[in-house]
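With the hints as your guide, set chains B and C onto chain A.
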Amino acid sequence: MPHKLLKRRAVLSGNVGIEETDEILQWFRDREQEKTELDLSDCDHLHAAILQVLMIARPRLSAMPANASFGEWVGNSLSSGYGD
Amino acid sequence: MNPLLQQFLAEGRDQLQQMSESLLALERGEQSSEHINELFRLMHTLKGASSLFTFPEMTSVLHIAEDLLTAIRERPAALGRDLTDLLLECLDFTSLLLDEINQHDQPLAHGEQSGQLCQRLQQQLQSWNTKVGQNAPLQTQEQTAQPVPTQQPATTATSRATKQAAEHSDQSSLADHRILQSIPEALRQQILIESLHEPELNYIVYRPQAQCYFSGEDPFFLARQTPSCIWGTASGSSQDLANLDPYDCQLVFHVLSRASDIELQQHFQYVVEQIDVAPIDARQLIFLSSQADDQPLSQETLDGLHSLYVSRNVSGLRQRLIDILGQIKTQTTTASALRWLQCAANHAPDSPVMEQTWQLLTRHSQYQPTQPGTIQHNDVNDEMMQRGMQEVLATQRHILELDHNTPWAKGRLKAAANSLANIMDATGQSEQKHHLRQLLDESLQDFNTRSMISWIDNLLDHPVAADQEQTAATRRAPITSQQAQQPSSPSTVSSPAPIAQGSGRQRTNPPAQPTTPAQAQVAASRSEHNVAAEHSGRARMADNNEPELTPRSDNSPRYLKVDQEKIDRLMGLIGEMIVARNRLPFLAARIERMEGGRGDPVLRELSRDIKEQHSLINRIAEEMQDTIMQIRMMPFSSISMRFPRLVRDISNRLGKQVRLEMEGEETEADKNIIEILAEPLIHIVRNSLDHGLETPEQRLRAGKPAEGQLLIRASQEVDRVLIEVNDDGLGMDPDVLREKAVEKGLIDSATAVRLSRQECLNLILLPGFSTADTVTDLSGRGVGMDAVRRAIDKVNGGITISSVPGKGTRIQIRLPMSIAATRVMMIETDGQLMGIPMDQVQETVRIPQSAIHQVRQQQTTVLREQILPLVALNDLLQLPISTRLNEDNEYAVLVIRNGSEPLGLLVDNFRGSTEVIQKPLGGLLAGVTAYTGAALIGDGSVVMILNLRALL
Amino acid sequence: MAKFIYIVDDSLTMLMSLRGTLELSGFQVETADNPHAALQRLSSIKPDLIITDINMPQMDGLELIQALRAGSQRFTPILTLTTESQGAKRDEAKRLGATGWLVKPISSADLTAVIRKILPGA
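Residue numbers (UniProt numbering), protein chains in the order written: chain A, 1 to 84; chain B, 1 to 952; chain C, 1 to 122.
Looking at chain A on its own, in the form it has when it is part of the complex (with noise of 0.2 Å):
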C-alpha cells in the first residue's frame, strides 16, 4: 500500500513490501539530525529490510498498529538498541 512520508512523519500502511525500502531509507537519511516519528496505525507488517532501516533511523513510535503483537515486535526492536 501506499506510505505517506510527510515532513517529519512517516506514515507506513498496509503490508509494507522490500520495494519500498530505498524511498524510505532516502526520507530516513534526509532527516538525519531531525527527529522523526513512525505513524503504524494502518499498518499490518513490514519487510524486515524496512524494519532494519527503522532499527537504525530509531523515529519515535507514535501510533501504535492495531495488531498488538506486531505492535510489541516494534516498539521491542526500535528500543533494543544496538551493541555486539
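Don't read these hints as lab results, they were simulated from the structure.
Ideal placement from N, C-alpha and C gives every residue a C-beta, glycine not left out.
Each hint should be verified, as a subset may be incorrect.
Stated by the list, open to error - Selected chain C positions facing chain B (in silico; Cβ < 7 Å): (1) PHE75; (2) THR76; (3) PRO77; (4) ILE78; (5) GLY97; (6) THR99; (7) GLY100; (8) PRO120.
What the hints assert, rightly or not - Result set (DSSO-like, lysine-lysine): computed pairs, CA atoms no more than 30 Å apart in a straight line: (9) C:LYS46 / C:LYS117; (10) B:LYS704 / C:LYS104; (11) B:LYS807 / B:LYS740; (12) A:LYS7 / A:LYS35; (13) C:LYS46 / B:LYS704; (14) C:LYS89 / C:LYS3; (15) C:LYS104 / C:LYS117; (16) B:LYS807 / C:LYS94; (17) B:LYS794 / B:LYS744; (18) B:LYS794 / B:LYS566; (19) C:LYS89 / A:LYS4; (20) C:LYS117 / A:LYS4; (21) C:LYS94 / B:LYS704; (22) B:LYS704 / B:LYS807; (23) B:LYS794 / B:LYS740; (24) B:LYS794 / B:LYS561; (25) B:LYS671 / B:LYS794; (26) C:LYS89 / C:LYS46; (27) C:LYS104 / C:LYS3; (28) A:LYS4 / C:LYS3; (29) B:LYS807 / C:LYS89; (30) C:LYS46 / C:LYS94.
Below, chains B and C alone, put in the same frame as chain A:
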C-alpha cells in the same frame, strides 16, 4: 629428552590424528554421538597430559577447546564448517608446538596466535551457550549476584586460562542476556506464572543469512509468526544510515515461545540451520530490573517479612507485601524485588520459586536477620540431628540410584547434590562442597552416580564427631575405634569426615591419635585428589572401602610402539645373517675340495652336516626375514589418512567440491616404500585438485555433476603394490602437452611430431615441464612430476599416466612390496661379476653368432619370430672389449624388459640368481649412475648391481 | 487485495489442480506450462509468489530460478515443487535462490499453510 616427554609427544600426535579424523567424520554427518564423545575424550586426555608440563600456550588453547567440546556434546549434529575449521586450526597449532618440542625440547613463543585462538574459541563457546542452561542450584548458594543463567557443563568453565578469554567472556555473556533482560518485568512475571502449569518455554535465536532477501525471504515475517510466540524482538549490529546497505540483512531475531521443538523445526523448516533453540526455565527470568532510583527497606520491615517467610505464613506475607508496596515508589529496585516476592507468594508459595524470590530481596537489601535464623545447636540435640541427617542422606542415596533415563535425571542429580551441600553447611563442613561439586560435575558427564553414592556411603558408615563450633582450621575430630583402623596415608582418605555421632556433649578428649585428624587429612588429600583427578581425567576413590569408578573405556589398541631404529637394526642383522648363511655352501664345497675330502668319511660327514645346518639356518633366516618384513609393513592408510583433510582444505580454498573415495587402505607395503610414496602421492593429489578438477560451475557447464570425484585406490599384485589416483576432471590433451614441451624447449618439434599419444602424456614427467606459470602455490613451485618419477625410480617402481580430455586422468604407480632383499641375476662380463634385478629379467638364452644380424648400427636377432634388438653390456659400460663367445660359438643373452620392448643384453656368462641385500653406493661412488648399488655375495666378494635404466 | 500467485509446471493436470485449490482460497492465479514462456511473461509482471516445478524437460527448474533471480524477480518468494527423494536438488534450488519447497503430493491444507507463512497478507 626425558622419556615422559617423549611419550607425551608420541601419544599426542596419535591423539591429534584421531581427533582430526573424528572431526572430519562429524562434519560429514556420520554417527555424531560416537565421534563427539571420542573427540571430547581425546581432547580431555591431551589437555590433561599437556598440563603436566609447562606449555601454557598449548594448555590454554586445549583447555577452552575442551570446554567448547563439552558444550557441543549436548548437540553434536550441528557442527558447521566454521567451527570445524577453528577446531582443526587448534589441532594444527598443537601439532606445530609438538614439532617444536621435539626439536628444541620446548615450544617457541606463540603468544599472539595462542591468544587469538583462545579468543575465537571463547566466542564460539558463548554463541553456543545462547542455549541458556539450567541455573545450577549449587551456585546460588555461593553468592552469585548475576541473575544471568550460568554456562553449561561447568567442570572447567569457572577457570579461565587466558585473561583475554576471561574479558571476552564477560562481555558477550552480558550481550546475549541483555536481550532477555530487556523483557519487561510484568511480562516476565506473567510468563513465570503461566509456566507453573505450562513448563515448555523455548528461547529461539534466528540469524538469517545476509543475502536472504534475494531468496525471497522476509525473516521478520517468519519470526513474528512463530507458533505460540509470547515475546520477540530483533537486534542488530550498529550501523549508520549513510553507509547502510539495506539489502544486507544484519538482523537477529529473538523469540520466546511455548511451542515444542518439533513445532519450531516445522515452522522454520526452510531455514532450520539458521536457528538455535534453547529450552529455558522461566525461573531464569527472575531478576531485578535495576532502576536509577531506590528506596531501601528498614531493618524492621525486613525482619517482619523474614519471620513471616520462615514461618510460612503465606496469607500474612501477602498482606504485608500489599501494604509495603502501597507505601513505596513503584519504580525502584526494591519495589521490583518485592513484586517478585509477591508474585511467588501469590502463585507459587510452595515451590522453589519462593526461595528464589526471597533470596532476590534479601541479597538486594543485603539483609542479615537480626536473630539468627539457623537452627540453634541448643534447640535440637545431636541425636535428633544425627537421625535427621541419616534420613536425608539415605533419601539422597536412594535418589541417586534411580534410573538415569529420564529427562529430569540431571535435575534430580543436581537437587540431590544441593541437599548434600546443605548438609555440609549444616555440619560445618562447607569446604567439602568443592569436592562435592567436582563429584557432581563428573557424575553429570558420565551419568554415573557411583562416586556420589560412595561418598554418601562413607558418611553413613563412618560417623565421627565433628565439632561444629570450631573453625575448620582448628577442627579436631575425636575418632571412634572404627576409624582408627583406617590406613593413615593421606592418599587413601579422600572423602569428608562423616557426620557427628551422638557424642556431641560427651566428647572424649581429642587424644593423640595414631592417625592425623580426619579433617586435616581430608584437606591435604583433597588437593592431591584434585590434582590427580585433573591429570588422570578420572575420579578415583582409592579408599579401600569404596569401589573404584569404572575407568573410562580405554580405546587404545593393543599395539606396541617400537622405535623405528630398532627395527632397522634388526633388519640389518638379518641381512648380514643371510649373507653369512650364504657362505656355508662355499665352506661345504671347500671341505670337499680338500685333499682327500671326497674320500674321507669324517670330512664327508662334516660337509653333510654343514649342508644340513645351512638348510636349517636358511629356513629360520627366511622366516625371520619374513617376520621382520611383516613388522616393517605399514598399511597404505598411514599415508592415505592425511588425504581427507588435505582434500577438504584445498578444495575449500579453491572453491571446488570434491568427493574423495579411498579403497584398499589396508594394503600393506614396506615402510620405506610407503615413506617414499608419500610425497609423490600428495603431489599428484594436489595436481588433481589444482589443475585436474574443475570448479562446480565449470563442471555443470560441461554437463558433469558439480561435485568432482577423486578416487585413490591401493591394491596388491603378487609382489607389487599398485596405487591409482583417478579424477574425473579436465584430463590432459596430448596435443596441448606436446606443444608445451616444445615451447619449453624440452623436445624439438621434429621429435614432438612423432610422439605417440601415450608418449605425449608422459611428457609431464620430464624435468622442467611444470614451471612457474603453470604451477600454483598449491602444487609447489617447479617441483613437478619429474620429482615424482625420480622417487619412484629410486625404488624400481613404475608410473603410468592415462587420460581422456574432458573426462579425467588416471595415474598409476607400481612399487615393489619391499626393497630389502633383491633377487638378482648374476652375470659375468670382462671377468667381473654383476647383478641385474630379477624383475627386469625376462629370460636367459644362448644365441649362436650366426643368428645375429646387423642392421645399420643395431644388432638384432630373431627370438620366437620376434625381432630382438641386442646390445653388448660391455658397450654399455664402455668397456673396450667385445663379448665372449662360449665353446659353441654362442652368446649368452639376457633378455630384459626395456620399457615395453624386450632387449637382449650380451654378456659373457650367466652365474645364476641369488638374493642380496643391496646397499647404495656411497662416498666417491655415489654419483655413478651406472649402478644402483653393490652387494655382498656368498663368497664374500662385492658385486655391482646394474642400473639398466640409466645405461640404456 | 488478493495475492497473486504464478505457477510453472509442465503438467497441465498439476497446474489445474493447484489453480483450483488456490483460487478457492482466494488467491489470484496465473499459470504456464512452459518455462521459457514463463520467463518471458515474468519479465513484465510482479506476482506475490512463484511456484515452479523443478523437473521440467524444457528447462531445468534450477535454471529458471537462476534466471528469475538474476532478472526481474529478485525479491519474489519462490517455492519449488519437488518429489520426496530430491533432497539434493531442493538444497541446490535453495542455494540458487529459492525460498522454500513443497513436496509432491501436497495437500491443500499444507499448501495454504506454507503460503500464509511466507506471504504477508495472504
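Hints, verified against the model:
1. PHE75: Constraint on C:PHE75 satisfied, holds at 6 Å.
2. THR76: With a minimum Cβ separation of about 5 Å from chain B (threshold 7 Å), the hint on C:THR76 holds.
3. PRO77: Holds, about 4 Å.
4. ILE78: holds, 5 Å
5. GLY97: Check passed: Cβ of C:GLY97 comes within 5 Å of chain B, closer than 7 Å.
6. THR99: Nearest chain B Cβ about 4 Å off; hint holds.
7. GLY100: Holds. Min distance 4 Å.
8. PRO120: holds, 5 Å
9. C:LYS46 / C:LYS117: holds, 19 Å
10. B:LYS704 / C:LYS104: Roughly 27 Å between the alpha carbons, so the hint for B:LYS704 and C:LYS104 holds.
11. B:LYS807 / B:LYS740: Since the Cα atoms of B:LYS807 and B:LYS740 sit roughly 21 Å apart, the hinted pair holds (cutoff 30 Å).
12. A:LYS7 / A:LYS35: holds, 11 Å
13. C:LYS46 / B:LYS704: violated, 35 Å
14. C:LYS89 / C:LYS3: The hint holds at about 28 Å.
15. C:LYS104 / C:LYS117: Since the Cα atoms of C:LYS104 and C:LYS117 sit roughly 18 Å apart, the hinted pair holds (cutoff 30 Å).
16. B:LYS807 / C:LYS94: Roughly 29 Å between the alpha carbons, so the hint for B:LYS807 and C:LYS94 holds.
17. B:LYS794 / B:LYS744: Holds, at about 26 Å.
18. B:LYS794 / B:LYS566: holds, 24 Å
19. C:LYS89 / A:LYS4: Violated, at about 43 Å.
20. C:LYS117 / A:LYS4: Holds: C:LYS117 and A:LYS4 sit about 27 Å apart, inside 30 Å.
21. C:LYS94 / B:LYS704: Roughly 20 Å separates the two Cα atoms, so the pair holds.
22. B:LYS704 / B:LYS807: Holds, at about 9 Å.
23. B:LYS794 / B:LYS740: holds, 27 Å
24. B:LYS794 / B:LYS561: Answer holds: B:LYS794 to B:LYS561 is near 29 Å, not above 30 Å.
25. B:LYS671 / B:LYS794: holds, 15 Å
26. C:LYS89 / C:LYS46: holds, 26 Å
27. C:LYS104 / C:LYS3: holds, 23 Å
28. A:LYS4 / C:LYS3: It holds: about 22 Å lies between the C-alpha atoms, which stays within 30 Å.
29. B:LYS807 / C:LYS89: holds, 24 Å
30. C:LYS46 / C:LYS94: Holds - the C-alpha atoms of C:LYS94 and C:LYS46 are around 21 Å apart, at most 30 Å.
The earlier numbered hints that this structure contradicts are 13 and 19.
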